[in-house]
Amino acid sequence: MVEKPDRYRVGEHPREAVEHEWEIFVREEERDPLRHVGSVSAPSADVAYEQATKLFAWYANDLWVCPARAVHRYTTDTLDDDAELVELGSGDEKRTHEP
Amino acid sequence: MISVSKLLCDLDAEGDGLRYDAADGSSKPQISRVKQRRPVVVWNLTKRCNLHCSHCYAAADTEVAPGELSTAEGKRLLDDLSDYGVPVVLFSGGEPLVRDDLFELIRYADDRGIRPVLSTNGTLITDESAERLRDAGLRYAGISVDGLPERNDEFRGKSGAFDAAVRGIRACLDAGLKTGLRYTITERNASDLRGVVELLRNEGVDRFCFYHLDYGGRGADITDLDLSPEAKRAAVKELCDLTRTYHRRGEEIETLLVGNYADAAYLIEYARRYIGSDAADRVHSYLRRNGGDPTGERVADVDYQGNVHLTQFWQGYSLGNVRDRPFSAIWDAESNPVLRRLRERTDHLTGRCADCRYQDICRGGSRLRALTVHDDLFAPDPQCYLRDEEIAPSSPPETSAD
Ligand code: SF4
Chain A
1 MVEKPDRYRV
11 GEHPREAVEH
21 EWEIFVREEE
31 RDPLRHVGSV
41 SAPSADVAYE
51 QATKLFAWYA
61 NDLWVCPARA
71 VHRYTTDTLD
81 DDAELVELGS
91 GDEKRTHEP
Chain B
1 MISVSKLLCD
11 LDAEGDGLRY
21 DAADGSSKPQ
31 ISRVKQRRPV
41 VVWNLTKRCN
51 LHCSHCYAAA
61 DTEVAPGELS
71 TAEGKRLLDD
81 LSDYGVPVVL
91 FSGGEPLVRD
101 DLFELIRYAD
111 DRGIRPVLST
121 NGTLITDESA
131 ERLRDAGLRY
141 AGISVDGLPE
151 RNDEFRGKSG
161 AFDAAVRGIR
171 ACLDAGLKTG
181 LRYTITERNA
191 SDLRGVVELL
201 RNEGVDRFCF
211 YHLDYGGRGA
221 DITDLDLSPE
231 AKRAAVKELC
241 DLTRTYHRRG
251 EEIETLLVGN
261 YADAAYLIEY
271 ARRYIGSDAA
281 DRVHSYLRRN
291 GGDPTGERVA
301 DVDYQGNVHL
311 TQFWQGYSLG
321 NVRDRPFSAI
331 WDAESNPVLR
341 RLRERTDHLT
351 GRCADCRYQD
361 ICRGGSRLRA
371 LTVHDDLFAP
381 DPQCYLRDEE
391 IAPSSPPETS
401 AD
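Protein sequence lines, in the order shown, are assigned to chains A and B.
For what it's worth, UniProt numbering labels the leading residue of the first sequence as 1, then goes sequentially.
For what it's worth, UniProt numbering labels the leading residue of the second sequence as 1, then goes sequentially.
Treat the hints as calculated values from the structure; they're not laboratory data.
These numbers come from a predicted model, not from an experiment.
The C-beta atom is built at its ideal place from N, Cα and C for all residues, glycine as well.
Keep in mind that the hints are not guaranteed to be accurate.
List of simulated lysine to aspartate or glutamate pairs, EDC-like, C-alpha gap at most 16 Å [claimed, not checked]: (1) B:K178 x B:E104; (2) B:K178 x B:D224; (3) B:K75 x B:D127; (4) B:K75 x A:E87; (5) A:K54 x B:D135; (6) A:K54 x B:D376; (7) B:K178 x B:D101; (8) B:K178 x B:D111; (9) B:K178 x B:E131; (10) A:K4 x A:D82; (11) B:K237 x A:E12; (12) B:K75 x B:D101; (13) B:K178 x B:E154; (14) B:K75 x B:D100; (15) B:K75 x A:D82.
Here are some chain B residues pointing at chain A (derived, C-beta under 7 Å) [stated by the list, open to error]: (16) P66; (17) G67; (18) S70; (19) E73; (20) Y317; (21) R323; (22) D375; (23) A379.
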């Protein structure tokens with residue numbers, strides 16, 4: 001039996017106050033995973049990259065920007081009115097690929 | 001926040017414990033007995049506003065903006081803030097009074113042990129709403145006025161805004177609410193400072209908060225409207241003089257400065273020059289306990305869509321969003337390199353801030369202004385108005401602070 005968390009899909013709320021919102025991911029060293037480090041407001045990906053560079057250039061090896069509206073968030077802890085519990089299987093069904 | 005009246009005139013206030021760890025010596029009931037460990041949270045309830053001010057950091061609009069946290073979501077946010085130990089929530093906007101559930105949220109915060117305070121343009125406050133705010137548990141209303149009538153109305157984009165704000169102030173005072181002025185000092189209105197204090201003093205206001213311009217939101221377009229460092233110094237000196245004049249007359253007004261911790265250094269220089277070296281030492285010791293610029297530590301901001309920011313002025317960068325992660329977790333996540341480096345900023349400051357003798361009480365002033373003007377998070381604050389000889393690591397000069 002696999003312990004599974006109750007995870008909710010956060011509603012598709014706009015995240016864009018004045019300009020578009022861009023999620024920022026940085027990789028510190030070449031072998032590190034990308035890490036989410038917040039978001040910036042900017043009219044385009046290039047400007048978002050520029051903004052993020054000012055904040056993280058001294059730190060990051062790689063820097064990715066992603067439109068916030070393209071990110072669907074699933075979380076165990078939300079205060080969102082529109083969040084929906086995502087039903088998972090019971091945990092004891094047969095796996096397609098055994099580890 | 002730096003209390004000029006506390007530091008120069010020893011006027012006790014209810015923020016002494018919170019700000020200077022000085023609750024025991026204060027004659028006033030205290031917001032907190034111990035210095036705060038958790039941030040004061042500014043919550044921009046809405047982006048809507050009935051005015052259109054040129055310096056608005058929230059770039060507020062007259063239209064409803066999508067994605068506002070609902071009443072229920074707001075209450076869950078307040079639950080998290082309360083469990084985390086947040087001492088104060090500042091309900092702000094936009095204009096928070098455009099939201100019908102403001103009273104309900106204030107009451108909820110109060111019930112959860114958070115001190116609810118309000119930042120408003122005051123123009124929508126009636127006698128009835130002032131009483132409702134008081135009954136809901138509001139502890140303080142800060143009302144924005146940015147100059148004598150003509151100048152204020154020009155700044156706020158609406159004629160009659162000054163008179164409407166004064167009506168709001170009267171309504172709050174009549175309801176028995178502690179009420180104060182919020183005044184953003186710019187090149188346009190610096191000369192009105194004394195006149196506005198006199199005018200509002202006559203209305204019964206006894207708390208005056210002066211904000212330096214920070215460079216977020218609409219304010220970023222008007223960096224050229226900011227005072228030059230020399231003019232800023234003159235304005236702060238005028239406020240110090242004014243505070244002392246009132247106190248000499250026995251009128252105990254509370255005056256505060258917000259948004260430029262070079263003010264802390266200046267107050268020590270001022271005390272040394274005009275009051276004496278003992279006073280300067282006393283001011284310095286209070287300011288050491290205060291801990292300098294609070295960005296990312298003692299102040300936080302949650303915008304109307306739930307994005308968490310380093311301060312209310314820093315809207316262009318968000319640490320995370322409370323709809324997918326609790327505020328407390330976002331604020332504690334020092335895996336975020338910006339948050340971590342800001343918290344240890346004295347190790348990273350460059351230029352004049354790196355060697356400044358007042359670094360421990362200022363901590364480099366505004367990192368947002370440095371970023372906006374120099375594209376560098378740890379460059380010197382462009383609005384530091386201290387003179388080179390004052391900040392030199394050696395002993396203080398004999399003549400300065402003019
Ligand atoms: S030089 Fe930097 S640390 Fe010193 S008072 Fe000015 S802004 Fe503050």
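Each hint, compared with the structure:
1. For a cut-off of 16 Å, the pair hint linking K178 (chain B) to E104 (chain B) is broken: about 19 Å separates their Cα positions.
2. Between K178 (chain B) and D224 (chain B) the alpha-carbon distance is near 34 Å, which puts this suggested pair outside the 16 Å criterion.
3. Between K75 (chain B) and D127 (chain B) the alpha-carbon distance is near 26 Å, which puts this suggested pair outside the 16 Å criterion.
4. Taking the CA atoms of K75 (chain B) and E87 (chain A), the gap is about 26 Å. The hint is violated against a cut of 16 Å.
5. Using a Cα cut-off of 16 Å, the hinted pair K54 (chain A) and D135 (chain B) is violated, with the two alpha carbons roughly 46 Å apart.
6. For the hint linking K54 (chain A) to D376 (chain B), the alpha-carbon distance of about 6 Å falls within 16 Å, and the restraint holds.
7. A C-alpha spacing of about 21 Å is found between K178 (chain B) and D101 (chain B), which places the hinted pair above 16 Å, so the restraint is violated.
8. With a C-alpha separation of about 19 Å, the suggested pair K178 (chain B) and D111 (chain B) falls outside the 16 Å cut-off, and the hint is violated.
9. A C-alpha spacing of about 12 Å is found between K178 (chain B) and E131 (chain B), which places the hinted pair at or below 16 Å, so the restraint holds.
10. For the suggested pair K4 (chain A) and D82 (chain A), the alpha carbons sit about 22 Å apart, so the restraint of at most 16 Å is broken.
11. With a CA separation close to 50 Å, the supplied pair K237 (chain B) and E12 (chain A) exceeds the 16 Å bound.
12. With a C-alpha separation of about 11 Å, the suggested pairing of K75 (chain B) with D101 (chain B) holds against the 16 Å cut-off.
13. Proximity of K178 (chain B) to E154 (chain B) is assessed by CA-CA distance (about 27 Å); at most 16 Å being required, the pair is judged violated.
14. Pair hint K75 (chain B) plus D100 (chain B) holds up; C-alpha atoms about 14 Å apart against a cutoff of 16 Å.
15. This hinted pair checks out: K75 (chain B) and D82 (chain A) have alpha carbons roughly 15 Å apart, not beyond 16 Å.
16. A cut of 7 Å between beta carbons decides the hint on P66 (chain B): the least distance to chain A is about 4 Å, and the hint holds.
17. Taking 7 Å as the C-beta contact cut-off toward chain A, the hint placing G67 (chain B) at the interface holds, the least distance being around 4 Å.
18. Among the interface hints, the one on S70 (chain B) holds; its C-beta lies about 5 Å from the nearest C-beta in chain A, closer than the 7 Å criterion.
19. Proximity of E73 (chain B) to chain A holds as hinted, the smallest CB-CB distance being about 5 Å (cut-off 7 Å).
20. Here the hint on Y317 (chain B) is kept, as its CB sits about 5 Å from the closest CB of chain A, short of 7 Å.
21. Hint status for R323 (chain B): holds, given a least beta-carbon distance of 4 Å to chain A, under 7 Å.
22. With its C-beta approaching chain A no nearer than about 5 Å, D375 (chain B) sits inside the 7 Å limit, and its interface hint holds.
23. For the restraint placing A379 (chain B) at the interface with chain A, the shortest Cβ-Cβ distance is roughly 11 Å, beyond the 7 Å limit, so the hint is violated.
The earlier numbered hints that this structure contradicts are 1, 2, 3, 4, 5, 7, 8, 10, 11, 13 and 23.
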